[in-house]
Amino acid sequence: MHITRRHFFRFMGAAGASAAVRTPSAHAWQSKAPPDPFGCLVDLTRCVGCRKCEEACATVNDLPEPERVNCQCTIFEKDRRPDDKTYTVINRYYTGKVDAFDKPIPTYAKVQCMHCQDPACVSACIVGALTKDDTGAVHYDVSKCIGCRYCMVACPFEIPAYEYDDPITPRVMKCTFCQERISKEGGLPGCAGICPTEALTFGKRQTLLEVAGKRLLENPGRYIQHIYGEKEVGGTSWMYLSSVPFEAVNLPQLPDTPSPKLSETIQHSLFSYLWSPVLLFGLLGAFMARFNRGNDSKQNNADKGGA
Amino acid sequence: MGHKTGPMNRPLWTPGVLVMLVFMFAGALAVIARFTGGIGYVTNLTNARPWGIWVGIDVATGVALAAGGFTTAALAHIFGRHYYEPVTRPALLTAVLGYTFVVIGLLVDIGRSWAIWKPMFYWNFNSVLFEVAMCVMIYLTVLYIEFVPIVAEQFKGRINLPGILSKLNNPVDKTLQVADRVLGKVMWIFIILGVVLSCMHQSSLGSLMLVAPTKLHPLWYTPILPLLFLTSAIAAGYPMVVFETTLATASFKLNSEMHILAPLTRITIYLLGIYLLLKFGDMVVRGTWVYLLDGTYQTNAFIVEVLFGVMLPWAMLLNKTVRHSSKGLFTAAALIVGGVVMNRINVFIVGYRSPLSENGYFPAPSEILVTLGLIAALMFIYRVVVTYLPVLQESKEVSS
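First to last, the sequence lines map onto chains A and B.
Counting in the numbering used here, the first sequence runs from 5 upward without gaps.
Counting in the numbering used here, the second sequence runs from 921 upward without gaps.
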């Protein structure tokens, strides 16, 4: 199946419209994004695929050493995804770009949790084990998790991974944005701290948007005129600049509407103060009284249970 | 009341029951494998495909098919159609067992089964799943409370525990008597509560996928998905009763209940019609009919679901001859039940697409064995309960 952009927006439009109809203004959905979060800007035109970020990530997060650390050749033959032992990976894409000698130019793209401004996983989590904190990091608290994996269903970037091989205490595994490190003054995420080509820029999200805008402005022709993550699903803390179309490097086309907006709007307009269940209870009670009036009520009551 | 329910008092160990035991045993082995090797050892689930048939069938479909419980209770007890009371007990039993097995299925599926109590203490009001879990938990309790009078009816005044336990005969009997008397007075609260809770979580099961707009095929992804889940569950309620009553009466060689089932399905014409109208209206409004002829397997699954699971049985029920022939009625009911099963599987499995990884999912053999084992166990316990408790209508020869 392929959802074209046009169809996608058509049904999102319908979704939005019907949500708007349902929603009394008092319940209007509001973003819960932190006011001044950190972010990270990935400039794909600068990345050379050295995979130092993968290595640094594994070190600072006590993860197993990445597959073939020193091999920048065959590792790129398969398209990799972050998994339960890897929070970030670099993939190589040939998108049809060629250099002056007709040699195809690779584009390297880093994958990790995008730390959405209004994360679907945080909204979905049954116990609130996932939270978006003031640093911008989407934080996972294993002590609350029951392992329902609804976060994985919800994530538009397919990021949370699961320890499927652990029978009793599996965890959801995903990039932490090095929350502890960036909470300290001057702290950097492991990956951003090591990147030798400055493909990764860490800073306040607002500042990074300015930096990105400036790069787009000052290098005409170098970039696609779009900051991926500025608006996608309501904005993400990790953002990308690229010279090739974002879909070509596996960054999915997404609507600007935050993922949780529709479901939260429906849930809250229906169930705030449990008004609709209480109303339904009252209505059904009235019906019950009305339709069972003529009967011998004693006999009836005794029979109702289980009958 | 005109009807007389009673225990079946038939031999329990029939060949059919032995087949169920085989499936239960195989399922138990697979469950043991899951709790020793992990979910990854027995399933084909991946990071791109976190929910498979344990959620799509054991949980989502199980909840939908247990809708006979609250729909018959609403009809007979709330809307005062006492004529239909004979089918409320088997429907209640199906709901009790259905929801019990939903919880057992969840225990197998969630990674940290021992932590299943945590949602009671860690609340996330933004989570649709949180609401579903709370409703299912409370509703299961309500169902067990509604079932107490059936147990009381059978054992009141004849508690006869063996050996040293016989000292407890009197206290247990007293408790049963008191519980029965108290419940008789307040049962109406639980009956209404059961209907309210059902409406809440039947619809919210549909809201589950709304948080992932890019991951569900647009033929199913619609803001009215909760409404579609609610109406389809309600529409499938009576057909499910027809389906299981027909099977039970045939299996126990009881009198057919056609005089109740035929008029019951007349209501289904309206309920299913409303669902069909919503489904088509939604398709037209969102313009998703453009996908219908693209030939992908998701689209074909959608066509089969709507054509054979909704339109065909709806047309059949419109025909009076079909409604009054037990074969025709059973076929139509089975199609509607099948249609809801297909719909839930389509929403949670077939229509689900992982946008970044190529991921075809087909359940692993051991994954299927767990599901089959749970279904077999459910049927086995149903059989045990109706054998020893007054759930089904006795044959006329016996009761008159």
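Bear in mind the hints are in silico, worked out from the structure with no lab data behind them.
Quick caveat, the model's predicted, so the values are computed rather than measured.
Some hints could be false.
Result set (DSS-like, lysine-lysine): computed pairs, CA atoms no more than 27 Å apart in a straight line [to be verified]:
(1) Lys89(A) <-> Lys148(A)
(2) Lys107(A) <-> Lys82(A)
(3) Lys1038(B) <-> Lys148(A)
(4) Lys36(A) <-> Lys1038(B)
Stretch-level coverage of chain A by chain B, calculated; a stretch enters the list once three of its residues show a Cβ under 8 Å from a Cβ in chain B [to be verified]:
(5) 97–104
(6) 127–133
(7) 140–152
From the three backbone atoms N, C-alpha and C, an ideal C-beta is built for every residue, glycine too.
So is the region 127–133 of chain A in contact with chain B by the C-beta rule, three or more residues under 8 Å, or is the coverage claim wrong? holds (count 7)
Given the proposed pairing of lysine 89(A) with lysine 148(A), does the C-alpha separation stay at or below 27 Å? Answer holds: lysine 89(A) to lysine 148(A) is near 21 Å, not above 27 Å.
Cut-off 8 Å, C-beta pairs, minimum 3 residues; does the coverage of the region 97–104 of chain A by chain B stand? Contact hint for the region 97–104 of chain A vs chain B: violated, 0 residues under 8 Å.
Would you mind confirming whether the straight-line C-alpha gap from lysine 1038(B) to lysine 148(A) stays at or under 27 Å? Holds, at roughly 7 Å.
At a Cβ distance under 8 Å, does chain B reach at least three residues of the region 140–152 of chain A? holds (count 5)
Are lysine 36(A) and lysine 1038(B) close enough, with their CA atoms no more than 27 Å apart? 24 Å, holds
Verify the proposed pairing of lysine 107(A) with lysine 82(A), using a straight-line Cα cut of 27 Å. 20 Å, holds
Going down the numbered hints, you'll see the structure goes against just number 5.
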